[in-house]
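Using the sequences and the hints given, assemble the complete structure.
Chains as they are written, first to last, in the numbering used here: chain A, 1 to 266; chain B, 1 to 314.
In short, the hints are calculated from the structure, not lab data.
None of the hints are false.
Straight-line alpha carbon distances no greater than 20 Å define the calculated SDA-like cross-link-like pairs of lysine to any residue that follow: (1) K120(B) - L15(A); (2) K120(B) - N10(A); (3) K120(B) - Y11(A); (4) K120(B) - A213(B); (5) K120(B) - E212(B); (6) K120(B) - A9(A); (7) K120(B) - V13(A); (8) K120(B) - A12(A).
What the simulated footprint calls covered on chain B by chain A, stretch by stretch (three residues with Cβ under 8 Å from a Cβ of chain A suffice, anywhere in the stretch; the number is not a length): (9) 39-48; (10) 52-64; (11) 138-145; (12) 196-208; (13) 247-259; (14) 275-287; (15) 298-304.
Away from chain A, derived, C-beta distances all over 10 Å, residues of chain B: (16) F72; (17) G74; (18) L75; (19) V79; (20) D80; (21) V82; (22) D84; (23) R88; (24) P152; (25) L160; (26) V163; (27) G174; (28) A213; (29) F226; (30) P231.
In this text, a Cβ means the ideal position worked out from N, Cα and C, and glycines have one as well.
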Amino acid sequence: MISATERTANYAVLLVFTLFALWPIGTVLGAALGPDDAGGVGGLANFAAAWEQGRFGPSMLTSVAVSGFVVVVAGVLSVLAGYAFGTMRVPGAPVLFPLFLLGLMVPGEVIVVPLYFDLRTFGLTNTFWAIALPQVAQSVAFGTFWMRAYFRSQPASLIEAGRLDGAGTWRILWRILVPPARPAIVTMVVLTYLWTWNEFLIPLVMATDQALRTAPLGLAFFQGQYTSGFTLLAAGAVIVAAPVLIVYLFLQRHFIRGMLEGAVRE
Amino acid sequence: MASGGLATPATTAPAARPSPEPRRRGLGPSPWTALAYIAPAFVVYAVFLLYPLGRAVHLSLFDWDGLTPATFVGLGNYVDVVADDQLRAAFGHALVLIVFFALLPTAIGIVLAAVLNRAKVRGLAFFRMIVFLPQVVAMVVVGVAWRRIYAPDGSLNDVLAAVGLGALGRAWLGDPVLALPAVGIVGTWVQTGLATVLLMAGMSRIPGELYEACRLDGAGPVREFFAITLPAVRAELAVALTLTAVAALRTFDLIYITTGGGPGNRTSVPAFEVFNRAFRLGEVGSAAAIGVTLTVIIFVINLGVARIGERGGR
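The structure is reproduced here in structure tokens:
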């Protein structure tokens, strides 16, 4: 049905867009692996040098701690809330649930301003909590929406059977509902991780101590300070992007599915 | 739903039932149990998102530098959103970014998706993985990469020189006219994959018979596209446009990293103004008002699209 010319044209179009998509990535990777900024051999040694000079050790550690905390806490809270909204009669649900949905639309910019000044009153800016908890709140909005949709799609007979066996709501959740929910939970975890790792504004506003800077923030500061070339900056960019990219390579489907189906967030 | 009307002939006398409506479906746990499951999530959500949102509305009614006592100015800060030249410019820039972040990627995405959907090409999964890649890279990294490309000695100028257009070369992000479109192209780069993948998913749900019937009528690829493909993915188009337009309105990291709003304020956008005013210029009330305005716009876009797009089964 499809002519040879059309086929060739199609591949040409795909090739052009693949190149366009890879151009910036190639620019960074190429530079990061190339000669160092003094004209030396560079290569993999660039990463060690960037790690050292950009002080990525502490900032990567902060990022791991913040995203680990947000993923676990928001994940558990979302499963609990989604379970209630999805399978139980919640008093006030017609108001409560839309209130959670509202959080999917509120941009970080609008909450970070009052948060900063209110937390400052309590001396809480520049703490781990000031960086992590607002992101838990944002993730919980998405997670509750996501898990509710999942639990609602499960047959009520599953819960009914558990109840007949005398299981309480807690046991029904963890023993019966959560094990088959693994794929849905993985998608939620992966997205929360992606958003938290890449978050820039909240740590930028909240963290004044160098020790509290997350990895993207560390890279931004490194860009401001390091002016003797692009190689080490590129190596730093690879270091910051790698933890998400590696997960993306393995769990690509979850990223794509989550971002398409959970499209309401952003 | 009460099932009382479906009593079988055997239970003619209601009094004979052991207990009224035993184990009715959906009755389940008590309301307090349900609320207890929601409470932890709600507390964090209320304290760190709902309350700040309310506080932002509150702050937006004051003139406050963040230190000295605030003065109530009513809707003055909102009047500025329309009256202040700099803010009007920022919202204007956001509109330009919508063209680059939303319209362009959606247009490219629909063509790419249609091509991929029609020609069962090899390497589809690989292509999908590549075009979606920009969505998962931190904006800071994206900014660092594109700053390099746009630099005076960067690869864009190299490419131009290679094709004999070296005279067009410049420091792209420092150009008063071209800096904004240059940042916009970065947005096109980021969002095209999302639009493409979304539309591909929509097109894969179109039944093949529709195309066969169309081809039997002698329609070429172009007619096929307008007669079948385009109408079938209306909902996905709406979703793609909303997501990308909202992303355009929320652009902060990219501006912060690439241009810092400059040259002058040629690439300043509302989200950047929020940060700039609240944390650099000490105009907290104005920052809050811009943030609230932005939230309302995003809210309206989402509601509007939900009305138009009304996706079945969701």
